[in-house]
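With the hints as extra help, turn the sequences into a complete structure.
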Amino acid sequence: MAEFFHTTCSLPTPLAYLVAAIIHCVLIIHVVAVGALIFIWLERKVSGRIQDRLGPTRVGGAFGWLQTLADGIKLIAKEDITPKDADWMLFKAAPYVGFAASYCAYIALPFSDGWVAQHMNTAVFFILAVLGIEVFSPILAGYASGSKWSLFGAMREAAQVVSYEVPLGMCVVVPCMICGTLNLVTIGNQQAGLFTNWLAFNDPFTFVVAVVYFTCATASVNRAPFDLAEAESELVAGFHTEYSGLRWSFFFMAEYGSMFLVSGLAAILFFGGWNGPIPIFQVLGWSESDGVLLYLARLGGCLNFLLKGTIGVVVMMWVRWTLPRLRIDQVMTTCLKYCVPIAAFGFLGALFWQVNELPTSNDLPGIGINRFEARESWVIEADQQRASRAAAVTPSPSDVPIGPIGSVEFDRVEALVMTGGAR
Amino acid sequence: MLLAAFDWHSLFFMFFALLTCGFAVAMLFSDNVVHMAFYLILSLGASAGLFFLAGAEFVGAMQLMIYVGGTLVLLIFGVMLTAQSRFISMKTRSGEWVMALVLGGSLLFLLLTAAFRVEDWRDGNPNAADIGIAESKTTTQIGMGFTGVRVDRLDAPEDSTLVPGMSGYLLPFVIVSVHLLVVLVGAAYMARTKRRATSTGAAA
Amino acid sequence: MATQLDDARIIEFDVRTDEMLVNMGPQHPSTHGVLRLVLRTDGEIVSEVEPHLGYLHRCAEKIGENLTPRQWIPYTDRMDYLAGMNMNLGWSLCVEKLIEHDLSEKAKHLRVIIAEMGRIASHLVGMGAYGLDLGTFSPFLYAFREREKILDLFEEACGARLTYSYLTPGGATADLPNGWLQKCSAFLDQFEPVIQEYHALLTTNAIFVKRTAAIGVMSGEMAVDYGCTGPVLRGSGVDYDLRRDGEERYTEMYDGYAFEVIVQKEGHYPKDHDYPAIPKEAVLGDCWHRFYVRMLEVVQAVDLVRQAIDRYSTASGDWGVPIKLTHKLPKGEVYLETEAPRGQMGFYLVSDGNAIPWRVRARSSCFCNLSVTSELCRGCLIADVPAIVGSLDVVMGEIDR
Chain A
1 MAEFFHTTCS LPTPLAYLVA AIIHCVLIIH VVAVGALIFI WLERKVSGRI QDRLGPTRVG
61 GAFGWLQTLA DGIKLIAKED ITPKDADWML FKAAPYVGFA ASYCAYIALP FSDGWVAQHM
121 NTAVFFILAV LGIEVFSPIL AGYASGSKWS LFGAMREAAQ VVSYEVPLGM CVVVPCMICG
181 TLNLVTIGNQ QAGLFTNWLA FNDPFTFVVA VVYFTCATAS VNRAPFDLAE AESELVAGFH
241 TEYSGLRWSF FFMAEYGSMF LVSGLAAILF FGGWNGPIPI FQVLGWSESD GVLLYLARLG
301 GCLNFLLKGT IGVVVMMWVR WTLPRLRIDQ VMTTCLKYCV PIAAFGFLGA LFWQVNELPT
361 SNDLPGIGIN RFEARESWVI EADQQRASRA AAVTPSPSDV PIGPIGSVEF DRVEALVMTG
421 GAR
Chain B
1001 MLLAAFDWHS LFFMFFALLT CGFAVAMLFS DNVVHMAFYL ILSLGASAGL FFLAGAEFVG
1061 AMQLMIYVGG TLVLLIFGVM LTAQSRFISM KTRSGEWVMA LVLGGSLLFL LLTAAFRVED
1121 WRDGNPNAAD IGIAESKTTT QIGMGFTGVR VDRLDAPEDS TLVPGMSGYL LPFVIVSVHL
1181 LVVLVGAAYM ARTKRRATST GAAA
Chain C
2001 MATQLDDARI IEFDVRTDEM LVNMGPQHPS THGVLRLVLR TDGEIVSEVE PHLGYLHRCA
2061 EKIGENLTPR QWIPYTDRMD YLAGMNMNLG WSLCVEKLIE HDLSEKAKHL RVIIAEMGRI
2121 ASHLVGMGAY GLDLGTFSPF LYAFREREKI LDLFEEACGA RLTYSYLTPG GATADLPNGW
2181 LQKCSAFLDQ FEPVIQEYHA LLTTNAIFVK RTAAIGVMSG EMAVDYGCTG PVLRGSGVDY
2241 DLRRDGEERY TEMYDGYAFE VIVQKEGHYP KDHDYPAIPK EAVLGDCWHR FYVRMLEVVQ
2301 AVDLVRQAID RYSTASGDWG VPIKLTHKLP KGEVYLETEA PRGQMGFYLV SDGNAIPWRV
2361 RARSSCFCNL SVTSELCRGC LIADVPAIVG SLDVVMGEID R
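From first to last, the protein sequence lines stand for chains A, B and C. Residue 63 in the working numbering sits at position 63 of the first sequence; the count goes up by one each step and never skips. Residue 1199 in the working numbering sits at position 199 of the second sequence; the count goes up by one each step and never skips. Residue 2293 in the working numbering sits at position 293 of the third sequence; the count goes up by one each step and never skips.
FYI, nobody ran anything at the bench for these hints, they're computed from the structure. This one's a predicted model, so the numbers in the text were calculated from it and none came from an experiment. Careful: at least some of the hints might be erroneous.
[As the list claims (entries may be wrong)] Examples of chain A residues toward chain B, derived with CB under 10 Å:
#1 VAL97
#2 PHE125
#3 ALA129
#4 GLU134
#5 LEU140
#6 TYR143
#7 ALA154
#8 VAL162
#9 GLU165
#10 LEU182
#11 ASP329
From the three backbone atoms N, C-alpha and C, an ideal C-beta is built for every residue, glycine too.
The following block contains the structure:
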């Protein structure tokens, strides 16, 4: 986008970057804030329907779709109370920490092929790292509130989130390993084609890992049945017991923001990202064209992605309104005795599958794609260079192995590791 | 145009550097343990911003994940678990100030001399655009380096100083991780209660 | 109770933490009204729980000494406000015992219908609120959906939805309206399959079982020692139900009805319905069994109401015209206990020969049931406290009176 402003609007480079950055920021903040608005309304509707109620029906005409806005106005109008015993500075700062972290993570989340605020080669890692910071918000809020219930909530949150980061990370590694990259755009593009190319259906282990990922993601964003930090029947409202008004609503925006974030991440990592179950745009040839058609194809991809993310969020809501809450020790047991071993097992299984080149859904004749072709351009270039260099040395270029990872560099590294180990 | 002439890269660098240093100083002058931890979060987060600015996304994310997301959570958790009273405050004694100044000064000296040894940085004002954003292969290289393979030296296998599999950063990596483990075990040991097993009903 | 604080070895190797004294209630989402529990906790482990009462004290008994027995009926509604009909019944029977008034067959069957419907309504709240205590919201609303239908029926019969004052000394304030019985049978036919829904959402749910099985285990002896009654007592395997074992004046209401006391005998519950199996983690006397007994009592109450409807429509006599009680009460002292949904509700009445009783006292089942809290909660986790208190299903209105 910066290039667009630079070349088309003939803005100077720094200004072009600045304008592009501001546009990205505004877009993302709208995704988070408007997304929260919609998801809170959706949660009310979904829970209402699950519970034989109607949910909001009046505000804004049909379906009460402006209910959240009305609530937002109410929250703004509410008095902002700081308890006498609270640690003033941390109490005020805590909601923003969580919101900022949730918001930051969106920088690296692609919404369609190439539609991402900041292209990052380590986008997956970045998102995990930033999600890890979000835990400070409840911890600081709980500690600073000067209330015992808040402190309980904060301790639970800390213990839970830190534990669940382990299986979450393990699950995320699996798609990265199959795709050979941490770049989310590349991972998404490698799942183009029919839905059989989605990584969740790659082999049995990846499907298991996808399920474990979703469980751990639910836990890491504190949704029921893992919502111990705000367990209303035990801890009143947990870490946000003492909050009111707009400050309280920031916790909610952060929660809904992260919910969509982890669902979107699941969609990209396991469920094809912006690629629909049937590759309509590829069949039409729009995704290879340019101009308006390409834009339309990407817009379709974006809608696809938003739909998948929303499905993930709705599943989280469904679970929340169905299941009772686990106890803190059971949450830990679920993590340490089930999620971690299953994730590790799934990781090893997927690794085994990949190393032995067992048949994957991607190998189905006619519908599979060459995942390597969707790699980042610099990887393909480097590979071509090395292949040509190797061709100059060896008499027949056909001997050069191009495997699923394909790079000669990696083969040589592998050989080095093997011989080094042997010595 | 004025905006074009302005060095935006330096501006952002200054911004993040100021944040880093400012919060570091704020941490020093704060006397509340949890406030200190909070300032440390902000300071470390800002230094992660510096890494991102330099195009080293991996290192930046690493900084966030390990220091901010990992170590500091443990730290705050530890403070919450072990603090004798809430909002415990600490005063730094003058002797500690002197010792910290000596230590910090010598570290600063070391870093400055090391920094000025880099030839590219010595002659005047290097342009950020000339140095260029680091190429995007850092993940592979660092990762491989940690597991013992120097990818950047692969084309020189005849070099006798580079033993395959032994020339990377595996040993330092392992030492650091074992060190971290020892620190954690030590912290758990120190936080452990010293009450004797025969004392009954102390907790009830 | 895997974690015991009294174990000195555990203390030795644990990280030292401070104990906290926390108030759970009286303004707390899961204390069933205004119960105040003072918890002494070490981290998540609760070492001591002390219930504090009296936040809903309204001098109901003293008021009863200044009103005629009929005037006091509305006050009984407000004791166990979730089962007002059963409170009315207890007091009415007590007054009838004093004045030695016998009811017609039809009036008795009417009372069985109303009392058992009240039991269903009350247990539905108990079940739904227990789900809330464990962090699931939907069963609560599913329960209230059905309870609303019962309240609709009650409203048709007496004009009120919560504080009925329907059963009075002599019978009831009015006969059941025309078509009421058909509506009631239709409700029962519709309601019975819904119970399976509750079983799916709660009773057999894996997380629910994990949260309740082997938590707050109370032996039968302990339950008897503390004077626990109702589902709390039967959940511990004690075969005692006033509808069968009570006073003649009360049990004659249930004469000829086919029903078994819901209690686990020789490892299983009475098998006249398709009940879900007992999970293997569950121990007799734990929260799960207390909850389960309530669920089975709902099924059984449906049966009893069906039988009562049949008998009521064929029985002779009047529906039980209320006694005006304008004359002076006979001198004497009576005490009568009935099986209310939450346990034995006893009323005590002393008359010195005036129209207004000299003494009125009530024996609350919830008060005794609640008294086990501190014993059961010792050494459990914070999350278990609502689970245990919820399984006792206390109503503060009855405890504080």
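message: Tell me if the interface restraint on ASP329 (chain A) is satisfied: Cβ within less than 10 Å of some Cβ in chain B.
response: 17 Å, violated
message: Under 10 Å is the threshold here; is the Cβ of VAL97 (chain A) close enough to any Cβ of chain B for the hint to stand?
response: Given a least distance of 8 Å, the restraint on VAL97 (chain A) holds.
- prompt: Against chain B, is PHE125 (chain A) within 10 Å by beta-carbon distance?
  reply: Nearest chain B Cβ about 5 Å off; hint holds.
- prompt: Do the numbers back the hint for VAL162 (chain A), that is, is its least Cβ distance to chain B under 10 Å?
  reply: Given a least distance of 6 Å, the restraint on VAL162 (chain A) holds.
- request: Against chain B, run the beta carbon of ALA129 (chain A) and see if the smallest gap drops under 10 Å.
  value: Holds: closest Cβ of chain B sits about 4 Å from ALA129 (chain A), inside 10 Å.
query: Going by Cβ atoms only, is LEU140 (chain A) closer than 10 Å to chain B?
result: 7 Å, holds
field: Evaluation of the interface hint that places GLU134 (chain A) against chain B, nearest CB under 10 Å
entry: 9 Å, holds
- prompt: Taking the least C-beta to C-beta distance, is TYR143 (chain A) closer than 10 Å to chain B?
  reply: Where the cut-off is 10 Å and the nearest Cβ of chain B is about 6 Å from TYR143 (chain A), the hint holds.
message: Does ALA154 (chain A) hold up as a contact with chain B if the rule is Cβ-Cβ below 10 Å?
response: Because about 7 Å separates ALA154 (chain A) from the closest Cβ in chain B, which is inside the 10 Å limit, the hint holds.
task: Could you check if LEU182 (chain A) really has its C-beta closer than 10 Å to a C-beta on chain B?
output: Holds, about 6 Å.
- prompt: Against chain B, with CB atoms and a cut of 10 Å, does the hint on GLU165 (chain A) hold up?
  reply: Since chain B brings a Cβ to about 8 Å from GLU165 (chain A), closer than 10 Å, the hint holds.
Figure legend: structure checked against the earlier numbered hints; the only hint not met is number 11.
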